[in-house]
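Undergrad: Each chain is listed here by its residues.
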Amino acid sequence: MRRSPLALATLVLLALAVPAVAQQYPARPVEFVIPFAPGGPTDTAIRIIQPQLAANLGAAVVLVNKPGGGGAVGMDGVAKARPDGYTLAATVRSTLTILPATQPDVTYKIADFAVIGSYAIDSGVILVKAGAPWKTLEAFVEYARKNPGTVTYGSAGLGTNSYFNMELLQQAYGLTLSHVPFNGSGPVKNAILGGHVPIGAAALSAVLSVIRSGDIVALATSASKRVPAIPGTPTMTEKGQPEASLSTWMELYAPARTPKAIVDRLAAALEKTMKDPAVIAAIDKAGLTAEYHDPAATLRLVERENEIVVGLAKKLNLGQ
Amino acid sequence: MDLVHGLTYGLAVSLQPGNLAACFVGVFVGTLIGVLPGIGPVATMSLLLPITFTMSPTASIIMMAGIYYGAMYGGSTTSILVNIPGEAASVVTCIDGYQMARQGRAGPALGISAMGSFIAGTFSVVGIMLLAPPLTSIALRFGPPEIFGLLLLGFTMVTYLTAGSKLKAVAMALLGLLLGTVGLDPISARPRFTYGSVTLADGLGLVPIIMGLFGVSEVLLNIGAGVEQEVFHTRIRGLLPSREDWKRSAGPIARGSVLGFLLGILPGIGAIIPTFISYALEKRLARQPERFGHGAIEGVAGPEAANNAATGGSMIPLLTIGFAPNVVMAVLLGAFLIHGVQPGPLLIKEHPDIFWGVIASMYVGNAMLLILNLPLIGLWVQLLRVPYGILFPLILIFCVIGVYSESSNVWDIVVMLAFGVLGLLMKRFGFEAAPLVLAFVLGRMAEESIRQALIMSGGRFSILLTRPLATVFVAAALIVVVLPVALPPVKRLLRTVPVD
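From first to last, the protein sequence lines are chains A and B.
Per the numbering used here, residue 1 is the first one in the first sequence, and the count goes up by one each step.
Per the numbering used here, residue 1 is the first one in the second sequence, and the count goes up by one each step.
Because the hints were derived from the structure by calculation, they are not lab data.
Where is the CB? At the ideal position from N, CA and C, for every residue including glycine.
Don't take every hint at face value.
With beta-carbon atoms standing in for the labels, derived distance ranges [to be verified]:
| no. | chain 1 | residue 1 | chain 2 | residue 2 | range |
| --- | --- | --- | --- | --- | --- |
| 1 | B | Leu-465 | A | Lys-285 | 42 to 48 Å |
| 2 | A | Glu-142 | B | Leu-167 | 55 to 61 Å |
| 3 | A | Arg-28 | B | Leu-469 | 53 to 59 Å |
| 4 | B | Val-386 | A | Val-62 | 32 to 38 Å |
| 5 | A | Gly-240 | B | Glu-350 | 34 to 40 Å |
| 6 | A | Pro-242 | B | Leu-32 | 48 to 54 Å |
| 7 | A | Gly-232 | B | Val-410 | 47 to 53 Å |
| 8 | B | Phe-429 | A | Ala-60 | 46 to 52 Å |
| 9 | B | Ile-479 | A | Gly-240 | 54 to 60 Å |
| 10 | A | Lys-80 | B | Leu-32 | 34 to 40 Å |
| 11 | B | Gly-196 | A | Asp-294 | 35 to 41 Å |
| 12 | A | Arg-300 | B | Leu-478 | 56 to 62 Å |
| 13 | B | Pro-289 | A | Ala-60 | 55 to 61 Å |
Simulated crosslink set (BS3-like; lysine-lysine; CA at most 27 Å straight-line) [unchecked claim]:
| no. | chain 1 | residue 1 | chain 2 | residue 2 |
| --- | --- | --- | --- | --- |
| 14 | A | Lys-315 | A | Lys-66 |
| 15 | A | Lys-135 | A | Lys-146 |
| 16 | A | Lys-315 | A | Lys-146 |
| 17 | A | Lys-260 | A | Lys-146 |
| 18 | B | Lys-349 | A | Lys-285 |
| 19 | B | Lys-247 | A | Lys-129 |
If you want a taste of the chain A side facing chain B, the calculated C-beta under 10 Å gives, among others [as the list claims (entries may be wrong)]:
| no. | residue |
| --- | --- |
| 20 | Arg-28 |
| 21 | Pro-29 |
| 22 | Val-33 |
| 23 | Gln-50 |
| 24 | Leu-63 |
| 25 | Gly-174 |
| 26 | Val-180 |
| 27 | Ala-282 |
This is chain A alone, in the form it adopts within the complex (with noise of 0.2 Å):
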């Protein structure tokens, strides 16, 4: 019985902390771990936003290049970060399903992180050199299933979207082709305009140039609707195939034991920035599609297609 004052006190203390805590974030400037090297869509985004961010936020917000591993490195030091708010990661969706489902060393799941939100799309676009024979994606399958395995494509590598779009192409068509991946979207492209591959995929991003130039058609975006950039390209929804495509999404996690007041806090200064008309035009230019979700929405996306990843990784027997 003496003790129980005690108890109360403690009781009382801890939930008095806990909005405390929150309250105080944040105290210190917030460290953002960007698990690419500096200059991708990945990067270019988060320091497009970063200003507004911080100012959101009210603190500084620090970026920090952490590349290696195809993002696992960066993505698996913030998933045993301490979950104090401080060491959060700016990354792509991709760094949760692709890699954990390819790669047998990356040992972290979804549920390491607390999402915070996703707030752009670099979509994903499946390329032809300007005067191939093929105008249309139809026409494209049309030929490969006459010609089943000599048609070869382009891919950024295989733990990338570009290279699980055209696999999940293949699947929806029924169709055969050879693989031959290169380090990157940049040179996707460049195999594509020199003529080393019929046909790719990248991210629109890297390829934007040169499709408004007319050197490289795209036949179809994985974009849910039509991309402002590229108005004039189908989606793979209007073909029948939502299911059949990838998008790069960039999006902000935290470490999965953050409080929940933190993480709120961060969504909600994400959220404030998404809002800013001058922010979404500064992504739009760069060739990425603004796109808020909070983070129950964010989550229930990323489980969506991890479920469409890991079924085709298996599938394909990657990662064993």
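Go by the hints and put chain B onto chain A.
TA: Below, chain B without anything else, positioned relative to chain A:
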């Protein structure tokens, strides 16, 4: 807009006060980080990226480009004075530059690399202007088979990179090839020699390896050898190259400029490989190849010209097709994108101020660098007089900071230190690091390109013989390897023809 019109317009743009200031800041910062070992242009440019938000797109690209070619000027300084590459592309400069410094000829070595860089830099700017559109389409013809052929030719240069035993050079090259296999298989993405570590999935980093083999090992060697600072007490005479130096360097600078520029255009080549090839080429052409490795000024002039010309060359794919051929250009691409400017075929039409302004600023920047560097040579030489006891710990600190800033990964520091110890052992037993580094750089790319080529051809090696460009490279590689062995009489004949 024709060339003259474009250039005068560009000069007008680049001489606007804001742009001129951006250019100066860029080349100055570039030289500084070039001198500091380990801290390279990639880390610097990405750190400065947010600053460019508030600048005009033209000024920010001018500044970013200035950092890159400025670093090429600065990088040679550390190579020559302390045998540690200030920047990865100055690795080869260590070989003869440092020997020149030991012989009290640090001044001419620094002078020739500054002037060689200026000539090559200016050459590559003219090259960009004249050749950007046609060269882009040639670069596009470099598919996997052509790249493999080129790399094969690169491999034949390995034994020229040593002043000592050819057998040891080949052994080091093989070690370099093996080290290059660490990481994910470039085609199937299965881990190799990663021992369950995600950090090793990308393989060993080039920068930690270079910093370890050249930087850390030099520091360790000097600790072991005790302080012998004999060079530092002798007065360094003749900061400027003599007429004899110029005579020897003219050819290497000219060849290095052309070579660096052309190779720089090709995807994935960067500024490092041209320096290796330039060095090998000069040694091959030299009348007394045995002087190489013992302070031959040609071995400084050629590679230094090559790396500067390569920076210009690598801008071509970025400006004309929006493709970043190396990491530095990827950061520059990021700087473009942040301002909503898509570099590519439309750049000249949509943003003539940026296109011509940046090109003209490279003329201006190269002139600035020459003015900046010639008087500073005296200052850099003062570095020689800093006692080793102070200089080397400082260098070690800079190496650690530099390697860490590249990837924010402590593991890279461990790799650097391990290669420092390996480099020490190699130096002790007369093994040279340059063949290892070259094979490491080429090996991974060669594996990737030959396997891509074989997928393209359905598994037939004949793809190397059915594509003209690839065939030329493979044939050239075969000739370089087979000819001296198979036709010793021809070789003897060739050797006896030149005078002395």
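Undergrad: Find the hints from earlier in the document that the structure breaks and name them by number, from lowest to highest.
TA: 14, 17, 19, 20, 21, 25
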